[in-house]
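Using the sequences plus the hints, can you model the full thing?
First to last, the sequence lines map onto chains A and B. Each residue of the first sequence is one higher than the one before, starting from 1 at the first, in this note's numbering. Each residue of the second sequence is one higher than the one before, starting from 1 at the first, in this note's numbering.
Treat the hints with caution; some may be incorrect.
Claimed, not checked - Which stretches of chain B does chain A cover? Using the computed rule of at least three CB atoms under 8 angstroms from a CB of chain A, they are:
1) 276–285
2) 346–356
Said to hold, decoys possible - Over 10 angstroms on every C-beta distance to chain B, these chain A residues come out as not near it, computed from the model:
3) T41
4) D82
5) R87
6) Q122
7) L127
8) C129
9) F155
10) V165
11) G166
12) S170
Hints were generated in silico from the structure; no laboratory data involved. Note that CB positions come from ideal geometry on N, CA and C, so glycine has one too.
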Amino acid sequence: MRILLAEDDTMLGDGLRAGLRQLGFQVDWVRDGQAAEREITNGDYQAAVLDLGLPLKDGLDVLQALRSKKNNTPVLVLTARDAVPDRIKGLDLGADDYVLKPVDLCELGARLRSLVRRSHGQTQDLLTCGDLQLNPSARQVALGGQWVTLSTREFDLLHVLMLAVGRVLSREQLEQQLYSWGYEVESNAVEVHIHHLRKKLRPELIQTVRGVGYTLLQPKAESGF
Amino acid sequence: MTRLPRLSSLQARLLSLLVLLVTLVWLSAAVLTWFDTSDELDELLDGHLAQSAALLVAQQGKNLPERHGDDDAPPLEDAPSLHKYAPRVAFQVFHEGALVLRSANAGSTPMSHKVDGFSTVKLADQKQWRVFGAQGRETDVQVFVGEQVKSRDSILWAVLKGVLMPLMYALPLLAVVGWLAVRQGLAPLRHLSSALAHRQPQALEPVTLPDVPSEIQPVVQSLNALFERIARMMASERRFTADAAHELRTPIAAIRMQAQVALAAGEDTATREHALAYTLAGCDRATHLVEQLLTLSRLEASSANAPTGTVNVSAVTRRVAADLALAALGRAQDLVLQADAPCPIAADDTLTSVLVRNLLDNAMRYSPPCAHVQAAVRCTDTQVVLQVDDSGPGLSEADMTHLGERFFRVLGTEQTGSGLGWSIVRRIATAYQAQVTVQRSSQLGGLCVTVRWPRKRPAETVSS
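Okay, here's the thing in structure tokens:
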């Protein structure tokens, strides 16, 4: 799951990036407000962690600009400004969550997962598609009640597909979700991971839409059982 | 209006003054009229008396009734009735000492002793009469014409009534109209007070009223200036709280985050070591912040301490530069010192070191690696000047004005200062009457900070 981190403090930013990566997020880190606005507008991020006291453009201004451009990327504001009017302003301007520093890393991860889940219209942490179950916080996948062991990339790929169940995702979209900046993406990486997923799960689970991309189909009825 | 306004009200005061003044003016007009009319009336009526007397004298010369020796002449029965005014006029005509003609209300004795001219006498009816005596050419005819003084007074009263009566009607009317006018005139004041009364206690936006008269404008302006000052103060306090929260929380958040990363790193030694190194750096940063905060709060607590000792700024600067030289080497920065001549100021040694250290530390902290930092101490007869130049990025005009606000840091710098250094520098400088100026460095292109202390005189040095 690809996240944009906007934080100007070197030490904290470094810690957040490392910590969120440990939790399985792909993290891109920018240090000023203008870059944050540009990247969130152009990039395909599942969510953004936004500090408020950013140089060049204040975090709240970034948020306002994004929302006025109809950009609905979930934004978690992470700030030291704890005054109630600040929180109200942040939430009113379109923040999806408002978290005070210092924050527990695991809590931050959970809040981000919750934001992403809700932005896809899901209310439960456990994602299901037929007899396929995916638990984002525990990073576990079960098929028909049996645990399936997946690599990090395979898990991330399946997670993205399950969040967008029924929709077709292009190879570029999938690549963007799998790799943060600074990683070399091999040209057929997505195909390789899809191939492995089909092998470990069921071949017909992930459908290829020729020339467009891949999709995970919601089973219509459980007539086969 | 059920109740008269108290005189503490501006409206009541204005109104009563107005009414009082009008009454006074009117009354003095009445008094003037009284005297003026009285004079004119006397002149006119005296003229009439004289004329009547002259007429009687002239008439008497032509046809005198033959009644000699008869002192008790009857009143002139067929004299034309002078309607209601008749009892108030009287006349007597004497011929060669004998009364020949008199009005009904005139006695038989001459009305006045003055035979020629005007006199005011009291007659038998106990009333004051104005009498004019006139004699014929041969002094055989003596005529007295009299008129009651009271009748003149009633004319005067009638005139006066004509002047005063309108006042009786006009005064209440004037009071009502004046009340309305004053009320109208004071409307802006009322609007102002109601605008102030209806404000929220926290509202600090300026008062705006349509058509503020020039008399109230200063009040409104002063009020707005006050509101603005308070708003600025509150904004600065809010900013301080927000910035303090940010500055205090960010290092702690960073330490916590890095420690969690280190804990979760497991076998990933590189990540763990990196995170632990950052954890330590975060602790150093928090320590620095706490030290700066403590310095500042100690400074603010000991606001009234007068400097007692003598400090040589050159020596202090050399010492501080020696302390910082290692850090400068670590960043490959070039720290140049020009501090040779002894430059004494009246100050505390420790505080002066804190000031110089903050200046040099700032210059190095906010300049990139390999930058030049130059400190120069020089003195004139009256001043000791410390100038710190650097070749860093400098500051924008707007940022320069914010320097010295607690926790102000220029955003976007890689460095992790506390934002308190400038407050400390300013605070120490003020304690020793030193002036601090910030400008673009003409020598190195970055920032140039100049501190000017008053130089301590040799005589003072000896005496202390």
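We went through each hint and held it up to the structure:
1. Using a Cβ-Cβ cut-off of 8 angstroms, 4 residues of the region 276–285 of chain B lie near chain A, which meets the minimum of three, so the contact claim holds.
2. Counting residues of the region 346–356 of chain B whose beta-carbon sits less than 8 angstroms from any beta-carbon of chain A gives 0, not enough to reach three: the coverage restraint is violated.
3. With a least beta-carbon separation of about 21 angstroms from chain B, A:T41 lies farther than 10 angstroms from that chain, consistent with its non-interface assignment.
4. Non-interface status of A:D82 relative to chain B is broken: a Cβ of that chain comes within 10 angstroms, the nearest being about 6 angstroms off.
5. Residue placement check: A:R87 keeps its beta carbon more than 10 angstroms from all beta carbons of chain B (closest about 12 angstroms).
6. With a closest Cβ-Cβ approach of about 26 angstroms to chain B, A:Q122 is found to remain outside the 10 angstroms limit, as its non-interface label requires.
7. Taking the minimum C-beta to C-beta distance to chain B, about 24 angstroms, the non-interface status of A:L127 holds against the 10 angstroms cut.
8. Non-interface status of A:C129 relative to chain B is upheld: no Cβ of that chain comes within 10 angstroms, the nearest being about 30 angstroms off.
9. Under the 10 angstroms C-beta cut-off, the non-interface status given to A:F155 relative to chain B holds; the minimum distance is some 18 angstroms.
10. With a closest Cβ-Cβ approach of about 30 angstroms to chain B, A:V165 is found to remain outside the 10 angstroms limit, as its non-interface label requires.
11. Against the 10 angstroms criterion, A:G166 stays outside the reach of chain B, whose nearest CB is about 35 angstroms from its own CB.
12. No Cβ of chain B approaches the Cβ of A:S170 within 10 angstroms, the least distance being about 33 angstroms, so the stated non-interface status holds.
When each numbered hint is compared with the structure, violations occur for hints 2 and 4.
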